[in-house]
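Undergrad: In case you want the letters, here they are:
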Amino acid sequence: MSRFQAKTNAVLDAELDELRRRLGLRPNQKADLLRELTVLASWVVRQAAEGRSVIARGDDDVRELVHPVIDRIRRANGQGAVSPMPVALDDDEVARLAEILDRGFDPPDALIFSLRRMADQDREPPELTWPDRLG
Amino acid sequence: MATPHIEKLERGHRSLLKGFRNQEGSLVAYLQRFALRHAQKDLLSRTYLAIDEGPGGNRVAGYFSLATVSVERASVGRIPLLSKLPRFPIPGVLLARLAVDERVQGQGLGRYLFEEALGLALQLAMSGPVAFRLFVADAISQEAVGFYEKFGLQRLSSRLPARMVLDIQPLIAEGIGRVRGTRDASS
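Taken in order, these protein sequences are the chains called A and B. Going by the numbering used here, the first sequence runs without a break in its numbering and finishes at 135. Going by the numbering used here, the second sequence runs without a break in its numbering and finishes at 322.
Next comes chain B alone, as it looks inside the complex:
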């Protein structure tokens, strides 16, 4: 038995990435081919790894990637309820990817990674240099939709991949966002 810890993806992790396994090939390919580039060269997203230390060496047990997004309208037509929305574009943080190695699924790591990601987003929303309103996730399967729904994210469409959102304004307003869990990840 081992307990993983969270580290920000850096060049030194490269050799660990090739051992990561997941049923969704796109989640493996992203980690192995694009995550580092997006984090260090293109500055599009930042990836955090759950690194598990064991007698056989370190392994990537899971990861998540965060990016800032600008939620916009694809058309300009009038629709009902528009007046109830904040003015577009609405700033948000996108949980672009979250994956757990298929060999350690079902042990609570997915929930832990989700909490880390949400914690970072709340920390940024409360005390970061920019403001934003939505926590957004793209669920690539029905199983992922169910996972995010448990945490209060609501889907915007019935098709897959499903874009899902959580309004973080009430969380901040009620001060529930005073979280510690992000300390390791953000250091």
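Bound-form chain A, shown alone:
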């Protein structure tokens, strides 16, 4: 058996507290919280290390667990370079995307103006005024 202490901050404390509540544990059950989270995290890490994706299926959507740690584990296990981050669209979003791409391009004035500005060699960022600075 080992003992350890971790320095936390307010954000981490709040996240841990939220997890504890969701897992139905009392404030004095920190060791149980650690045990439960270790079991969950170990499973996720094992799946990633074996090259699997961790997927959450809802009634009509599927979401993949995306986290820098998952990419690191895959890299460490020789599963190639980091692939582009997946962006999963549901059927309605896919239909909307098809409609957008099919409709053709009608750039709004602001975009045309921006593209012209971007091509301007003398383009400069805006001068900023901060409320607490005189100049």
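Calculated directly from the structure, the hints in this document are not laboratory data.
Each computed DSBU-like pair below joins lysine-lysine, with the alpha-carbon atoms no more than 30 Å apart:
| hint | chain 1 | residue 1 | chain 2 | residue 2 |
| --- | --- | --- | --- | --- |
| 1 | B | K176 | B | K143 |
| 2 | B | K143 | B | K153 |
| 3 | B | K153 | A | K7 |
| 4 | B | K285 | B | K143 |
| 5 | B | K176 | A | K7 |
Take a look, some chain B residues computed to stay more than 12 Å from chain A by CB distance:
| hint | residue |
| --- | --- |
| 6 | E145 |
| 7 | G147 |
| 8 | N157 |
| 9 | Q158 |
| 10 | S262 |
| 11 | I275 |
| 12 | Q277 |
| 13 | A279 |
All C-beta atoms in this analysis are idealised placements derived from N, C-alpha and C, irrespective of residue type, glycine included.
Given chain A, put chain B in place with the hints provided.
TA: Relative to the frame of chain A, chain B by itself:
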């Protein structure tokens, strides 16, 4: 009055990050806690800072983060119009975050940062080592949706955060993407 310049986020900027303020806590937290790690350790995204120099020292006036994405379908069912789409996955560049310090909002910096981000994406699409089709943004509020809509991005769903897209193929095809504005950011 001062004029900001764009710099790629690096370790040396750390001390500047804690002074950044924005109404959306998640945008502040990302910059202060994850942006550097994602850029240097995890290679997930790259962040660019608008640094404003003034008598009181340098400040981060705004930032944006870019990542490459693979736009995929969450299900495999047949839907109408599918034949009109390129084959999935569709490669894209994601404007993952764009934020302006709340003390200098309304002065045109958001538009400038958007142009820098779009310029980098177009530069990559035209002459980079990989091809991609979509410029994607995630709008976290109705105000952000309105901001991106002004520039031609269209939302894919009515909920928030809203995923929004701009088809960059016509921009490249028409050659409007010959832009200079990215020189500082990409150097």
